[in-house]
Amino acid sequence: MSFSDSPTLEVKDLKTYFFTKGGIARAVDGVSFSVGRGKVLGLVGESGSGKTVTGFSILGLVDEPGRIVSGEILYRGENLVSASMGRMRELRGLNISMIFQDPMMTLNPVLRIDTQMIEAIQAHEKISKDDARQRARDVLGQVGIASPDERLRAYPHQFSGGMRQRVAIAIALLNKPDLIVADEPTTALDVTIQGQILYEVQKLCSQTGTALIWITHDLSVVAGLADDICVMYAGRIVEQGSVNSVLDNPRHPYTHGLISSVPSRNRRGVPLAQIPGMAPSLLKLPKGCSFGPRCPQVTADCGIIPNISMLDKGRQLRCHNPLDALVSPKLKD
Amino acid sequence: MQSALVVVIMSFIVFSGVFLVGDPVEILVSDDADQEEREMMIKSMGLDKPFLVQYGIFISKAVRGDLGDSFVFQEPALLLILDRMPATMELAVVALLIAIIFGIPLGVWAGLKPESLASKSIMTGSILGFSLPTFWVGIMMILLFAVLLGWLPSTGRGDVQIILGMPISVFSWDGFSHVLMPAVNLALFKLSMVIRLARAGTREVMHQDYIKFARAKGLKESRIILVHVLKNILIPVVTVLGLEFGGLVAFSVVTETVFAWPGMGKLLIDSIGLLDRPIIVAYLMIIVFLFVFINLVVDICYSILDPRVRLEDIKS
Amino acid sequence: MTIIENNPELMAEDRNDEENYEGAQTPLRRFLSDFCEARLAVFGFFIILVIALVAIMAPFIAPTDPYNLATVSILDSRLEPGEAMMSGTIAYLGTDGAGRDMVSAMIYGLRISLGVGIGSGIIAMLIGISFGLLSAYAGGKIDSVFMRIVDIQLSFPAILVALVLLVTLGKGVDKTIIALVVVQWAYYARTIRGTALVERRREYIESAVCLGLSKNRIMFRHLLPNCLAPMIVVGTMQIAHAISLEATLSFLGLGMPQTEPSLGRLISNGFEYILSGKYWISVYPGIALLITIVSINLVGDRLRDVLNPRLQK
Numbered sequence: 044m045s046f047s048d049s050p051t052l053e054v055k056d057l058k059t060y061f062f063t064k065g066g067i068a069r070a071v072d073g074v075s076f077s078v079g080r081g082k083v084l085g086l087v088g089e090s091g092s093g094k095t096v097t098g099f100s101i102l103g104l105v106d107e108p109g110r111i112v113s114g115e116i117l118y119r120g121e122n123l124v125s126a127s128m129g130r131m132r133e134l135r136g137l138n139i140s141m142i143f144q145d146p147m148m149t150l151n152p153v154l155r156i157d158t159q160m161i162e163a164i165q166a167h168e169k170i171s172k173d174d175a176r177q178r179a180r181d182v183l184g185q186v187g188i189a190s191p192d193e194r195l196r197a198y199p200h201q202f203s204g205g206m207r208q209r210v211a212i213a214i215a216l217l218n219k220p221d222l223i224v225a226d227e228p229t230t231a232l233d234v235t236i237q238g239q240i241l242y243e244v245q246k247l248c249s250q251t252g253t254a255l256i257w258i259t260h261d262l263s264v265v266a267g268l269a270d271d272i273c274v275m276y277a278g279r280i281v282e283q284g285s286v287n288s289v290l291d292n293p294r295h296p297y298t299h300g301l302i303s304s305v306p307s308r309n310r311r312g313v314p315l316a317q318i319p320g321m322a323p324s325l326l327k328l329p330k331g332c333s334f335g336p337r338c339p340q341v342t343a344d345c346g347i348i349p350n351i352s353m354l355d356k357g358r359q360l361r362c363h364n365p366l367d368a369l370v371s372p373k374l375k376d
Numbered sequence: 255m256q257s258a259l260v261v262v263i264m265s266f267i268v269f270s271g272v273f274l275v276g277d278p279v280e281i282l283v284s285d286d287a288d289q290e291e292r293e294m295m296i297k298s299m300g301l302d303k304p305f306l307v308q309y310g311i312f313i314s315k316a317v318r319g320d321l322g323d324s325f326v327f328q329e330p331a332l333l334l335i336l337d338r339m340p341a342t343m344e345l346a347v348v349a350l351l352i353a354i355i356f357g358i359p360l361g362v363w364a365g366l367k368p369e370s371l372a373s374k375s376i377m378t379g380s381i382l383g384f385s386l387p388t389f390w391v392g393i394m395m396i397l398l399f400a401v402l403l404g405w406l407p408s409t410g411r412g413d414v415q416i417i418l419g420m421p422i423s424v425f426s427w428d429g430f431s432h433v434l435m436p437a438v439n440l441a442l443f444k445l446s447m448v449i450r451l452a453r454a455g456t457r458e459v460m461h462q463d464y465i466k467f468a469r470a471k472g473l474k475e476s477r478i479i480l481v482h483v484l485k486n487i488l489i490p491v492v493t494v495l496g497l498e499f500g501g502l503v504a505f506s507v508v509t510e511t512v513f514a515w516p517g518m519g520k521l522l523i524d525s526i527g528l529l530d531r532p533i534i535v536a537y538l539m540i541i542v543f544l545f546v547f548i549n550l551v552v553d554i555c556y557s558i559l560d561p562r563v564r565l566e567d568i569k570s
Numbered sequence: 509m510t511i512i513e514n515n516p517e518l519m520a521e522d523r524n525d526e527e528n529y530e531g532a533q534t535p536l537r538r539f540l541s542d543f544c545e546a547r548l549a550v551f552g553f554f555i556i557l558v559i560a561l562v563a564i565m566a567p568f569i570a571p572t573d574p575y576n577l578a579t580v581s582i583l584d585s586r587l588e589p590g591e592a593m594m595s596g597t598i599a600y601l602g603t604d605g606a607g608r609d610m611v612s613a614m615i616y617g618l619r620i621s622l623g624v625g626i627g628s629g630i631i632a633m634l635i636g637i638s639f640g641l642l643s644a645y646a647g648g649k650i651d652s653v654f655m656r657i658v659d660i661q662l663s664f665p666a667i668l669v670a671l672v673l674l675v676t677l678g679k680g681v682d683k684t685i686i687a688l689v690v691v692q693w694a695y696y697a698r699t700i701r702g703t704a705l706v707e708r709r710r711e712y713i714e715s716a717v718c719l720g721l722s723k724n725r726i727m728f729r730h731l732l733p734n735c736l737a738p739m740i741v742v743g744t745m746q747i748a749h750a751i752s753l754e755a756t757l758s759f760l761g762l763g764m765p766q767t768e769p770s771l772g773r774l775i776s777n778g779f780e781y782i783l784s785g786k787y788w789i790s791v792y793p794g795i796a797l798l799i800t801i802v803s804i805n806l807v808g809d810r811l812r813d814v815l816n817p818r819l820q821k
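Residue numbers (this note's numbering), protein chains in the order written: chain A, 44 to 376; chain B, 255 to 570; chain C, 509 to 821.
The list that follows gives simulated cross-link-like pairs (lysine-lysine, DSS-like), each with its CA atoms no further than 25 Å apart:
1. B:367 <-> A:64
2. A:172 <-> B:474
3. A:219 <-> B:474
4. B:474 <-> A:169
5. B:466 <-> B:485
6. B:466 <-> A:58
FYI, nobody ran anything at the bench for these hints, they're computed from the structure.
Bear in mind the structure is a predicted one, so any value in this text is a computation, not a measurement.
Hey, can you work out the whole structure from these sequences and the hints?
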């Protein structure tokens, strides 16, 4: 394997636990995946499935009482789990950046946009304020903000939600990172804005070769954007593979349930399938397969946590009773 | 507009309140004075007229800047107070600076590490600062630093230099040593308050997404705290401190009494003892003006610090 | 729906949840256990109990009666701690300028300080609750007039307002209480109005209105109980504040008269002797005052943490 083929990021058996008063919450429990240059990985799951914590783990931003317990996060071969705080700070924003879910909350309300952009550049290189401002202006233009000069002097509250998210994306792009972790960046936005932003992000990734981890609960976003997909449930990845093969032919009952519960135009009138029950509390997971209690295929075997089984074409699955290869509905028309 | 109304209403309340106070003639006239001398006295002070007439005279003079003559000193009350004002202002400003310079760092630190021992000590200390009655702390400071250790002078103001037309004492050692104890004493309560505000603000801000986002940008922790956190917590701290400056001036009544600091608060307490009505009224009127003025200044500062307020002003 | 009803696994999970609820504590228990987590606050609470007991039992505990002029002798004045007085009683904490045994004077002083603080606090609370609730419930003009008054009053420091009042009224227990009530009521009124405005929009008030209950009943039986938590916190803090304020006023020569010295007046009396090194007359009453106020504040501080829903996880 030559250097250029090696993945930008490789996560191996990552475990991030939260040591709370009520017990240990295994928010991320043995997650492995990798993203290559210019590739987009979709990390899909319900709220509380550990996908956001996975994202924060990569940037070393897990808050107390959470902690990475074991596993490796290899960024170009460098293990971030054992990296020092100082090294992590160097990498953050320069090599790996993140876009947060709620654009209304990610920009500091009392600082001007230019301050918040220039400091992100100056944190990583010795550059004059004017040059930094110039670059900030260019990137703002790139993400589709009109009259960036004027906008730089504004405060966040003078922007709409969509505009703020563009600013946040611009900040993430400022230092041309190799990897962007995007945590549901379009969930809080209107559908039309969402489309624009998706398009721009996709374009930027293919142009610059930036790897992208797109965290979302929205399968339709992943379907149009990602190359690969990981489906998370209660801290574990239950199924992963290329986006087409997983969505066209889900083998895990949970993935199947997720796909079936997406309303679709061509299935009008047919009652929408749903996954019964609620995502379990991480503090008291069911014994064995966490999805067991909600699973229509559940058997006695499910009392033991299923191992990962490798299928063809790099697909992985964590299930005792996988679905057959043919009964799957199609998400894409 | 509302401020003007407040001033008028307060003037009436203050005047009528003080009007009811004892009989100043009793104190001012010597015991062996006869009835005629007494009546002369009453007439010369204008105390024989009905209450409303006295109030009318007071108001018409007040708008011309005349708040009456002191019964005791036979000088304009306003001048007497303005004469003492720089001393009080100096004390209050030094106290305010102490509260800010020590309060904000301690509070931010306590907010950053809420579970640490240092943080818990700071917070317990601030409860103590809230609980300790100012005057008693002042007495204890005199006992410790002046009587037992002999480090600092117990009372008075010390050397004074005229700087920009105002008598100021902090720039000489003698003056500074005199102002130190009273200022610390006066600052103690506000210090506790600043610590609590800064801590609460820091704790709240640290949990905000924009702090995590700032970290994700790779900013140094020092920049996050000094710029992102500090600028956010300064808004409530400045607002409250500004509003509390009036409180400092008012509370200096106590500190000035303990340390015999020659400010207007000491003058007020002395005048209460002597039933010197014009001074009491003039002091209270000046305080009312001061409060109205401070509210204005704070509003302006607030809009400079918080961009969101500025926008709303432009809109409206 | 049918899936949920027919799925035995789901039913099992539901049962799990129920078990969980049974394990949950009652609100009072949770409150107590939360409160007791801070040992300092529990300690403060016991100190308050002891202090209250001492104050109530003053005539039985105090070695001498400091108000009885027949037994107080000027010859005993300014005795050092541990010296014996004319009557033979040992003054463990010395005597003051008038020859009163400091221990006794402090116990009686504590009684006055606590009485004035708590008395004024309760009266102010009742007045504040009435005005605040009425203001929140009536809304409109009544509300804005009340709140304007409250705002103006609160913009002036308590010490000044009390000072002016006492200059006007003169000295005495009753007058001090009046001054402290005037100073405090606005805090209570504003606090309860704020809470009541939030609670008023809740559904249970709407349903009470729909049931046709009388205004008074809704205000005092439905709205008030739901607004009490912040009142308890404010009340605790205010009582500490009132005790401190009374002491300060007495120190300034206003408030309590010389014949019925509160702790503040005792400290004030000792102040003139402090430069000559006769520290005990000011120091000991001050410590008693301090312990009282700190204990109340410790409890109040903890109450605020426990009762504040915003801070609960």
